[in-house]
Every structure is written in C-alpha cells, then in structure tokens.
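S.K.: Sequence:
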Amino acid sequence: GFVEVPSGTIIQVKTNHRTGYMLFFEIGNDFFKEILVMEKGRVISLSSNGGLVHQPYSGSNLEIKNLSYRLYLREGVKPGIYSWPLSVKATLL
Numbered sequence: 001g002f003v004e005v006p007s008g009t010i011i012q013v014k015t016n017h018r019t020g021y022m023l024f025f026e027i028g029n030d031f032f033k034e035i036l037v038m039e040k041g042r043v044i045s046l047s048s049n050g051g052l053v054h055q056p057y058s059g060s061n062l063e064i065k066n067l068s069y070r071l072y073l074r075e076g077v078k079p080g081i082y083s084w085p086l087s088v089k090a091t092l093l
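Heads up: the sequence shown begins at 1 in my numbering, then just goes up one per residue.
Quick caveat, the hints were computed from the structure, so don't treat them as lab data. Careful, some of the hints might be misleading.
Under the rule of at most 25 Å between Cα atoms (straight-line distance), these lysine to aspartate or glutamate pairs were calculated in the DMTMM-like manner [to be verified]:
1. Lys78 - Glu39
2. Lys40 - Glu4
3. Lys14 - Glu34
What follows is a set of in silico ranges between Cβ atoms, one per label pair, in the way DEER data are often shown [claimed, not checked]:
4. Gly76 - Val5: 19 to 25 Å
5. Val13 - Gly76: 36 to 42 Å
6. Pro6 - Leu92: 15 to 21 Å
7. Leu52 - Ile10: 41 to 47 Å
8. Val77 - Val13: 20 to 26 Å
9. Glu34 - Gln12: 25 to 31 Å
10. Glu34 - Gln55: 18 to 24 Å
11. Ser45 - Asn16: 17 to 23 Å
12. Glu39 - Asn16: 34 to 40 Å
13. Val3 - Leu92: 28 to 34 Å
Predicted, not measured: the structure shown is a model, and the values here were computed from it. Ideal placement from N, C-alpha and C gives every residue a C-beta, glycine not left out.
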C-alpha cells in the first residue's frame, strides 16, 4: 500500500547561484520501498536511500516550494504510528 501526504513540506529558497540548487532528501527509516515527491505537476521518484533533485535557477526571487508525497510501504510493514521519514535540505551544486 501507500500513504499520500499533501503539502508535507513547505520551504522557502532564495539564491543568486546561476546553476540553481539541489534538494537533498534523506530517508530516516526502512519502512518505504519508494517515495514520490510531487511539486507543480513534476513527479520525482526516490529510492529507499533518498536522493538529490536539481532545482533550476529562477532569478533571485524568493521561491516557495510546496512538496507533496506518496510513500510506498515495504511488504510486511505493520499498521501503526511512525515518525516522519524524510528530511529535506537545500544545497548549492
């Protein structure tokens, strides 16, 4: 099965770096086999190891990222309450 999380992360980013920046997704547990990150029609698939996602330069304006998720559970995960599995960090290329 899977869990859908609309607006799971909202971040503000401002950069003057012309090559853009990366969003680094780190997964803190092993309950998920795949995580989809969705933002403005763009869908990125992350493995259970997380990953880096390039964000293009959009001028020196403040950007607000509203990220939604679909978390695909591994087989055998028991129903229950679990801590949030992701951390998101912005970094330059």
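S.K.: Take the hints in turn and mark each one as holding or not.
M.R.: The hints, checked one at a time:
1. Lys78 - Glu39: Distance ~29 Å between Lys78 and Glu39 Cα, so the pair is violated.
2. Lys40 - Glu4: Since the Cα atoms of Lys40 and Glu4 sit roughly 16 Å apart, the hinted pair holds (cutoff 25 Å).
3. Lys14 - Glu34: This hinted pair is violated, its Cα atoms lying about 29 Å apart.
4. Gly76 - Val5: 19 to 25 Å: holds, 21 Å
5. Val13 - Gly76: 36 to 42 Å: holds, 37 Å
6. Pro6 - Leu92: 15 to 21 Å: Given about 29 Å between the Cβ atoms, the range is violated.
7. Leu52 - Ile10: 41 to 47 Å: Distance hint for Leu52, Ile10 is violated at roughly 20 Å.
8. Val77 - Val13: 20 to 26 Å: violated, 32 Å
9. Glu34 - Gln12: 25 to 31 Å: Since Glu34 and Gln12 have Cβ atoms about 27 Å apart, the given range 25 to 31 Å holds.
10. Glu34 - Gln55: 18 to 24 Å: holds, 21 Å
11. Ser45 - Asn16: 17 to 23 Å: violated, 30 Å
12. Glu39 - Asn16: 34 to 40 Å: Violated: the Cβ-Cβ distance is about 22 Å, outside 34 to 40 Å.
13. Val3 - Leu92: 28 to 34 Å: For Val3 and Leu92 the Cβ distance comes to about 32 Å; the hint holds.
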